[in-house]
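Generate coordinates for the entire structure from the input sequences, incorporating the hints supplied.
Those protein sequences? They're chains A and B, same order as listed.
First residue of the first sequence? That's 1 in full-length UniProt numbering, and the numbers climb one at a time after it.
First residue of the second sequence? That's 1 in full-length UniProt numbering, and the numbers climb one at a time after it.
Don't read these hints as lab results, they were simulated from the structure.
It is possible that some hints are incorrect.
As the list claims (entries may be wrong) - DSSO-like cross-link-like pairs, simulated, lysine-lysine; straight-line CA separation at most 30 Å: (1) K316/A with K273/B; (2) K306/B with K265/A; (3) K199/A with K228/A; (4) K315/A with K288/B; (5) K197/A with K142/A; (6) K238/A with K265/B; (7) K273/A with K223/A; (8) K238/A with K313/B; (9) K301/A with K313/B; (10) K301/A with K79/B; (11) K301/A with K330/A; (12) K228/B with K273/A; (13) K288/A with K306/A; (14) K313/A with K301/A; (15) K242/A with K306/B; (16) K313/A with K242/A; (17) K301/A with K18/B; (18) K301/B with K315/A; (19) K313/A with K45/B; (20) K242/A with K373/B; (21) K228/B with K306/A; (22) K109/A with K18/A; (23) K306/A with K265/B; (24) K273/A with K265/B; (25) K79/A with K45/A; (26) K273/A with K373/B; (27) K373/B with K288/A; (28) K301/A with K373/B; (29) K306/B with K313/A; (30) K316/B with K273/A.
Unchecked claim - One-sided and incomplete, this derived list gives chain A residues near chain B with beta-carbon spacing under 10 Å: (31) Y73; (32) S261; (33) G284; (34) K288; (35) V291; (36) S296; (37) G302; (38) T304; (39) S305; (40) E312.
Cβ atoms here follow ideal geometry from the backbone N, Cα and C, with glycine treated the same way.
The chain contents come next:
2 protein chains.
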Amino acid sequence: MLPTFKRYMSSSAHQIPKHFKSLIYSTHEVEDCTKVLSVKNYTPKQDLSQSIVLKTLAFPINPSDINQLQGVYPSRPEKTYDYSTDEPAAIAGNEGVFEVVSLPSGSSKGDLKLGDRVIPLQANQGTWSNYRVFSSSSDLIKVNDLDLFSAATVSVNGCTGFQLVSDYIDWNSNGNEWIIQNAGTSSVSKIVTQVAKAKGIKTLSVIRDRDNFDEVAKVLEDKYGATKVISESQNNDKTFAKEVLSKILGENARVRLALNSVGGKSSASIARKLENNALMLTYGGMSKQPVTLPTSLHIFKGLTSKGYWVTEKNKKNPQSKIDTISDFIKMYNYGHIISPRDEIETLTWNTNTTTDEQLLELVKKGITGKGKKKMVVLEW
Amino acid sequence: MLPTFKRYMSSSAHQIPKHFKSLIYSTHEVEDCTKVLSVKNYTPKQDLSQSIVLKTLAFPINPSDINQLQGVYPSRPEKTYDYSTDEPAAIAGNEGVFEVVSLPSGSSKGDLKLGDRVIPLQANQGTWSNYRVFSSSSDLIKVNDLDLFSAATVSVNGCTGFQLVSDYIDWNSNGNEWIIQNAGTSSVSKIVTQVAKAKGIKTLSVIRDRDNFDEVAKVLEDKYGATKVISESQNNDKTFAKEVLSKILGENARVRLALNSVGGKSSASIARKLENNALMLTYGGMSKQPVTLPTSLHIFKGLTSKGYWVTEKNKKNPQSKIDTISDFIKMYNYGHIISPRDEIETLTWNTNTTTDEQLLELVKKGITGKGKKKMVVLEW
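Here is the structure:
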């Protein structure tokens, strides 16, 4: 059983909250960005009776959130005096899932109802908070159908994986058409394989060499719908490319799209496996190495290399995010996309008992902790 | 005075030739590709009275011609028995300028006249020859207005430089709009600067560091129309990029296009200087290093990286080559593009006195020789 939203619903729903608490920052620090965070209790300046008030259910701690604290992320919120600070400050966090606990009487509430679960339409709204206040329903997307973990991560990983598959290639689902991607164990890559499978597109996922390769590959293939998983050493092996790859791909295979979130040699090797005049999209650079492309791929094979940035794409075209979430939810309801909960380690913020000091420590642990993706889940 | 075509016109024009002589190859050899070349005398199989017969005036020895002999070039002519060889063979060379010496009576001659100077529309026709035979005027482009050196090189370097500037960006010639390119001393780069200048686009040309930097930069700026020349060390210098570059570019500058024929660090450094959502076209890889692109340029700056290949582009769309040559000739006639003769070392093939052995040595020298671009000029 997935945790239902009910479990997180407060008995005090439908009331205007009084105690606002947010994780805020005024400055940036590259080395140890947890230093710039503090917990701030404040009274919002808005007239809450005329606002959409949201109770936070969960927020993930994403790499981009951390990069924002470090001051190295190109997209950032405006810092304001809204939280009664001495210096202009912003609330950390860019995505999360919320429950509507109070609505205005006018048209600005749109079709929202009390108890609806929503996510912010845009990044930079600040999500590391117990409550948030919005003025218009058009800045929110309803996600009642999604479980907690899917809803809290759909804006970044969900949209990224979905749009990478859906928005660039005019696929023929009757053909033998493939995506090749590196970092095949990442959260986004798992969305990619599931969305691709649902659309009749095959995926070749490259993962790092490891002792339990077969076991990991089996999970990616059986649970997440990867068509075939290969290792980075196979990816980089010219003999493999010549002799084995064509058997994996089958007859009349077209490898039309490469998805790169690693860079360096891995990016060159997935690009080499593309058909002529194909596309590589880069959306991450885990290896810290630049994207590396043999000149001949550009000149003689017509390769196009572009970037994908979920924040900018959906800022430019908010409707595309609304449409993506709608399609994502349909696929989720059909069982084509499973919850990412197994990939996530939850950190519990009990809004009744967790002290400010404990909350700060909790979030710092989420920022610095290794292993699974971290998500703060609020208990009410 | 540029050498005129008159000088190369034969007294025997308007006659059907009897002695065909071509540099041909049947096999390939990477290490020393001159080994596969031989001089072949033959009688063409076509009915020459029903053909367009061309006398060769000059042909350059291009890197792509050499790569074809090596067997490492993705575009290659079909090998045939047309030249009375034991093994199927092809004539070397992909561009050159010819004079029409015999025409058929029918419509296949189009608007060609005896004495017209022409170039082949497509690559892979074989140009290292004293005569060539074509069946239709639609396979030829008239270039009567160009001097020998411009005409013999317009298919590769001329088209490349012209199309790189003209075919990808919708320029605003009233704006402060820039192209940045590396290998600023190359033949193509010199076409780029001249075409750009004629179109009201500014060029920032990067050249390798050298003792006589100022002298070389001055020639590129004064003679070839580069707006500003900088060194690779300046290109790679972050302080230069921050403090000096904006002064060079001026107010409201837009660096909209990067042209890369070097690769490696140089490609990363020119790409960094582009505005957001800009384009880098790679058309060569002199450093033998792959195209290297910081991940952030793709993701956060919206960089698109593509390739340019003159052969494929004009094969796909022959009309675009015809249009390019037409525009090139107009610009040449206005004096916006000068002859590349100063960049070229000529090797003379006297069709009356040069023996086959001497001819082969001449061409081998052209293939292996360092320094200036080599062109074989035929004397009749």
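* To do: Measure nothing beyond the straight line between the CA atoms of K306/A and K265/B; if it is 30 Å or shorter, mark the hint as holding.
  => holds (19 Å)
* Double-check G284/A for me: the hint is only fine if its C-beta lies closer than 10 Å to a C-beta in chain B. => holds (7 Å)
* Proposed proximity, K45/A with K79/A (alpha carbon, max 30 Å) -> Judged against 30 Å, a Cα distance of about 15 Å means the pair holds.
* **30 Å limit on alpha-carbon distance, applied to hinted pair K313/A and K242/A** => violated (37 Å)
* **Holds or violated: K316/B to K273/A, with C-alpha atoms at most 30 Å apart** => holds (23 Å)
* **Restraint satisfaction for T304/A [CB to CB of chain B, less than 10 Å]** => Holds, about 5 Å.
* K199/A paired with K228/A [C-alpha distance capped at 30 Å] -> holds (16 Å)
* **Pairwise hint evaluation, K79/B against K301/A, where the allowed Cα distance is 30 Å at most** => holds (23 Å)
* For the pair supplied as a hint, K273/A and K373/B, is the alpha-carbon distance within the 30 Å limit? -> violated (35 Å)
* Asked: Between K316/A and K273/B, is the straight-line Cα distance small enough, at 30 Å or below?
  -> holds (23 Å)
* Could you grab the alpha-carbon distance between K313/A and K45/B and see if it respects the 30 Å cut-off? => Given pair K313/A, K45/B is violated - Cα atoms ~61 Å apart, limit 30 Å.
* Asked: Regarding the pair K301/A and K373/B, is the alpha-carbon distance no greater than 30 Å?
  -> holds (27 Å)
Of the hints listed earlier, those the structure fails to meet are numbers 4, 11, 12, 16, 17, 19, 20, 26 and 27, in rising order.
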